[in-house]
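From first to last, the protein sequence lines stand for chains A and B. For the first sequence, this note's numbering assigns the number 625 to the initial residue and increments by one for each residue that follows. For the second sequence, this note's numbering assigns the number 20 to the initial residue and increments by one for each residue that follows.
These are calculated hints, taken from the structure and not from any lab test. Treat the hints loosely; a few may be bogus.
Some chain A residues judged to face chain B by a derived CB distance under 8 Å, without partners named [what the hints assert, rightly or not]:
id	residue
1	G754
2	I755
3	L762
4	I807
5	I884
6	L928
7	G930
We put the beta carbon where it would ideally sit given N, CA and C, even for glycine.
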Amino acid sequence: MNTLLRSLVGGIGLALIPVLIGVFVMLIGETAQVRTVNFFLINLIIVLGLQVSMGNSNIANLGHVTFMGIAAYGAAVLSIPITIKATILPDAPFGVSEVQLGVVQAALIGIAVSTCFAFLTGLVLSRQSGIAATIITLALIVVVHTVFINWNELTRGARALYGIPIKTNIVWLMAVAAIAVVIARLFRDSTLGVQLRASGEDFLAAAAMGVNVTRLRLVAWVLSGAIISVAGVMYTFLIGSISPKSFYFETVFLTLAMLILGGMRSVSGAVIGAVVVTIGFEFMRYLESAPEIVGFQLPQIFGLTGFFLGTIIVLSMALRPDGIVGNDELDEMLQNRVRDRQG
Amino acid sequence: MEYFLQQALNALSTGGEYALLALGLAIVFSVMGLVNFAHGETITIGGYTMYALFIFAAPTNAWVLLPIGILAAVAASLTFERVAFRPVRNAPATTGLLTAFGVSIIIKNFFVTVVATRPKAVPTPDWLNTQIPLGPVSIQTLQVLEAVVTFGALIILLAVLRGTTLGLSMRAAAKDFNTVRLMGIRANQVVAAAFFISGLLAGLAAIFIIARRGSVDPFMGFIPVLKAFVAAVIGGFGSLPGAVIGGFVLGITEVVFQVILPDKIAGYRDAFVFTLVGMLLIMRPQGIYGQKLELGEKGG
Numbered sequence: 625m626n627t628l629l630r631s632l633v634g635g636i637g638l639a640l641i642p643v644l645i646g647v648f649v650m651l652i653g654e655t656a657q658v659r660t661v662n663f664f665l666i667n668l669i670i671v672l673g674l675q676v677s678m679g680n681s682n683i684a685n686l687g688h689v690t691f692m693g694i695a696a697y698g699a700a701v702l703s704i705p706i707t708i709k710a711t712i713l714p715d716a717p718f719g720v721s722e723v724q725l726g727v728v729q730a731a732l733i734g735i736a737v738s739t740c741f742a743f744l745t746g747l748v749l750s751r752q753s754g755i756a757a758t759i760i761t762l763a764l765i766v767v768v769h770t771v772f773i774n775w776n777e778l779t780r781g782a783r784a785l786y787g788i789p790i791k792t793n794i795v796w797l798m799a800v801a802a803i804a805v806v807i808a809r810l811f812r813d814s815t816l817g818v819q820l821r822a823s824g825e826d827f828l829a830a831a832a833m834g835v836n837v838t839r840l841r842l843v844a845w846v847l848s849g850a851i852i853s854v855a856g857v858m859y860t861f862l863i864g865s866i867s868p869k870s871f872y873f874e875t876v877f878l879t880l881a882m883l884i885l886g887g888m889r890s891v892s893g894a895v896i897g898a899v900v901v902t903i904g905f906e907f908m909r910y911l912e913s914a915p916e917i918v919g920f921q922l923p924q925i926f927g928l929t930g931f932f933l934g935t936i937i938v939l940s941m942a943l944r945p946d947g948i949v950g951n952d953e954l955d956e957m958l959q960n961r962v963r964d965r966q967g
Numbered sequence: 020m021e022y023f024l025q026q027a028l029n030a031l032s033t034g035g036e037y038a039l040l041a042l043g044l045a046i047v048f049s050v051m052g053l054v055n056f057a058h059g060e061t062i063t064i065g066g067y068t069m070y071a072l073f074i075f076a077a078p079t080n081a082w083v084l085l086p087i088g089i090l091a092a093v094a095a096s097l098t099f100e101r102v103a104f105r106p107v108r109n110a111p112a113t114t115g116l117l118t119a120f121g122v123s124i125i126i127k128n129f130f131v132t133v134v135a136t137r138p139k140a141v142p143t144p145d146w147l148n149t150q151i152p153l154g155p156v157s158i159q160t161l162q163v164l165e166a167v168v169t170f171g172a173l174i175i176l177l178a179v180l181r182g183t184t185l186g187l188s189m190r191a192a193a194k195d196f197n198t199v200r201l202m203g204i205r206a207n208q209v210v211a212a213a214f215f216i217s218g219l220l221a222g223l224a225a226i227f228i229i230a231r232r233g234s235v236d237p238f239m240g241f242i243p244v245l246k247a248f249v250a251a252v253i254g255g256f257g258s259l260p261g262a263v264i265g266g267f268v269l270g271i272t273e274v275v276f277q278v279i280l281p282d283k284i285a286g287y288r289d290a291f292v293f294t295l296v297g298m299l300l301i302m303r304p305q306g307i308y309g310q311k312l313e314l315g316e317k318g319g
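Next up, chain B with everything else stripped away, as it sits in the complex (with noise of 0.2 Å):
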């Protein structure tokens, strides 16, 4: 019993990870149709920006170092969408999306110039790693807050989509953008929003990701974000809460294998997953919450 509630909870924060990145994915893609593959440098730009912060001014709160990360992630993203994304917003999704993956390597490999190939050591508070005891099971703050924060960033976020103008010519953004400029919405102020939105999120997940870590380094954004993106297939992609689902049916299937697989096989437990995610492809190509696409709706 207490083995089984370690691992829901388990799947629940892997879950809850993988969709808070693939809902930013999500949200970028429905209003500007780009698949955003810098978004991982998000998570790294925030890394390295409380790794410097720590190491230039060693602030003793961790309540200081932490928004200072989640804020350089937002910035990032909002700069690579002013310098990069801009010139190819209307373009076919094909040149946005390999834009994006050029903006990654370069800044892999700004990392790699500036800082170093070889990861840095982020100390992470105490408390995160602290075990709570709770009855006959105890459990990790880190795992918790992860859920609860998962879970408090998508309500606020549904609550902005539903209930402010802004959250509302997204939404409409995502069926027709063209309609939404001619209601008179500013298409910078929509898509600014949904970088900002998007790096909002991943700063919050670079937390996690970092605290479980305890360092940083070049490359540490791509599988994250890999994984955010097959749970964006998996729950259908462009759809919000196709990518909340899809990030949770991930993080369980991963808990799943992990539990299941066999110690000698274990290396291979990504393999199993995607194969898995394939097979549910071929059944499903749009995703769960995927529409097949009509003519002359976005997409394709």
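The following block holds chain A by itself, in its conformation from the complex (with noise of 0.2 Å):
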């Protein structure tokens, strides 16, 4: 079997996953357990999208948030209907208090301005290795964070914007989800990601070799950005009114941990990491509230949330740092198990 009808046959048999547990909550879940499944999928396509950057390259990225907001923004000042926007956006630059476009214009021009933005930012990032670009991706998001914070005419500040159409549900999401993990997937596979993977694992040797590891980067970034900024507009149109917390570090650890604990190497890493990690937070969730378990109320403890995700980045770094898959992919072990036993 050639390679791309392997990793083709990998990504979708990956991608029934997400599309199961849509599929399953729809037919017996309740609207919250609907709720949280959207979520879920929501984050999953930020963590595949991640992890076609950080992943491949090796080079953790903490800024990918970034571009969920900038498409996020971009598709709601668009599509929120003029008569709201006189309310709470009256003076906003580029006549967007005069145009109401409808939701799939606004959400591609959302997403092609963000990865324009990606391409950009892209340029910088390309070229730093490691350290250095890690800590440039953190620097991004507090620059973008802050202009979201103070461009008070267009995204009405630290105040959350509403008014946004709310057009995405379920069948949308995990039909979006499983285009990504399959792109993710061809991606890895194909030579840009074999050679972006080798670069990745030494940067001189791949470089030797004729990579152009920079340019590769670079694809990389760009993919990563759009496939995050597709993740920023299914938001938007999935809660209709966003605020600037909703992109920034609540955000980055959950998905940081979804892909660490998972496995950033591969895309079953990333799906693997998403489902584990939303269980285990959905239930830090449910303590953090204050429950009663078997007639013993809980106190409310803040922070709970967070202090789990911590956890699991230290603990999956110290045990197991290549996370629960580790280098390959699900049918990749599978195959390799089958051929073991062939002898």
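Two chains, each in its own frame: build the complex with the hints.
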């Protein structure tokens, strides 16, 4: 079986996980559970985007949520009805307060703007290696967050933007998540992906073999930015109201913990990490809200979910730095096992 | 003229604070290749210790309060090393970086859980905020002290690094840790020394940061350390002189933007500064003092 086909089949197989979870909850879940799965799927798309750049290039990225924010704000300000804009964004620049686009156009423009921004920042980032690159991603998210908070005319500052049409539902999210899985998998197994992973293992050796590391990092960064932008747009049209804090460190921690626990070097790791962390996170959130367990009233404990995420990151780094899945995709492992058995 | 002097002093004291923190990051990085994102939490722990001391013991003398805060920062730094960073010492840089990031999240949320998310006031001694008249200008004690302490700490650090065996082994470890160990120096000692110095510098910086803010909160360490990271990257990550120079370059740039930006867009100061840093890095990816990586060298 040739590589492309194998990769495609593996990707589609993996894409069944989010689809099955979605279908399952649609059939028997209550509203609250559907809601949880909606957010799971959005986080999964972010984690997949993160895997494309961070997993393949082996450069920790702490600023990926930036693109989610830019795309979300872009789509939001274009699609909020003019009547609502008259109240919340009366002095918006670029004539934004006089236009109202359809959801699809607004989404596409939001994604396009955010992806262009990914390209521009990628020009700087792709030239940086390792640590410096990570710190720049961190500076990036802080800068963009500063802009969100200060640009009152366009983003309403720290206050929420509301009135965004709610058009996303679980079916759309499942479809997009499934496509993102396949794209991430195809990229990982493409020539570009293989070369980029080689550069992540050993920068100098890969460069010496003629790999254009800078260009590859840029490609991965832009693709990653585009996938995360899609997640941002889906998020906007799912909840209909956004504020800058949705695109800051809480989301960064959550998605990073997902990718690290699952194993950033494979797409399977991204998917499994997202599933496992979502389950743990929901449980912690339940504990945080002062539940009553078999007659005992637990106190309200703030910060428990954050504590949980930090612990996941530290423990998986100390005990299993490659994550649950490790280096290979699930289908590759299965194939290896079958081959071993056949001798 | 008075305005200019005042701003120059601002730049010097802000730069000094960044330099102290950046140096702490650089010394740990140069010795064991760890990007210590938990550095900010060292500051936070120092701050909360002073807060707790003030609440429970209410010491009247600041000379008791301040050293204990510094000591707490040192202890925190050494504990992080022993508990969290030793297991990942020989792992790739990304593993260490993410571990430190995890430690940082844990400590932040620990304070959220145990104390509160809201800031808690820590009264600073009056003499830190008094103005000293100096000819035509009057300057704040805090700023003078900050500049003086920074330079003092740098000189002492330089003396330790140049003049003692431990200092020599730390400088050598930055080049090639294995050879240092072959020379009979204990690795744990060198690493612990690096964390000790790093914690000490963070403790000093913590005092100035808290004196300026007048309060502690769980997230207080984040922004100063982010700035310190940027400073270290400007200077060339891992280079000790680079960290100091980067700190002052960043401090001066910030004050310059503070002065020249009109009020309307003053909120974007950091955005401007970081964009400028990004442009610097396009022209010189390895930073001011950094060197391009050669085959077989540490880093990358």
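>> Is the interface hint satisfied for I755(A)? The criterion is a beta-carbon contact with chain B at less than 8 Å.
In response: This interface hint holds because 5 Å falls under the 8 Å limit.
> Going by Cβ atoms only, is L928(A) closer than 8 Å to chain B?
Replying inline: 7 Å, holds
>> Less than 8 Å between beta-carbons is the criterion; does I884(A) satisfy it with respect to chain B?
In response: For I884(A), the interface hint holds, since the closest Cβ of chain B sits about 6 Å away, which is under 8 Å.
>> So, as I understand it, the hint says I807(A) touches chain B; can you test that by seeing if any CB pair is closer than 8 Å?
In response: 24 Å, violated
>> Take the shortest C-beta to C-beta distance between G930(A) and chain B; is it under 8 Å?
In response: 4 Å, holds
>> Would the hint on L762(A) be counted as holding, given a Cβ-Cβ threshold of 8 Å to chain B?
In response: 6 Å, holds
> Would the hint on G754(A) stand, with a C-beta cut-off of 8 Å toward chain B?
Replying inline: This hint holds: G754(A) lies near chain B, its Cβ roughly 5 Å from the closest one there, short of 8 Å.
Figure legend: structure checked against the earlier numbered hints; the only hint not met is number 4.
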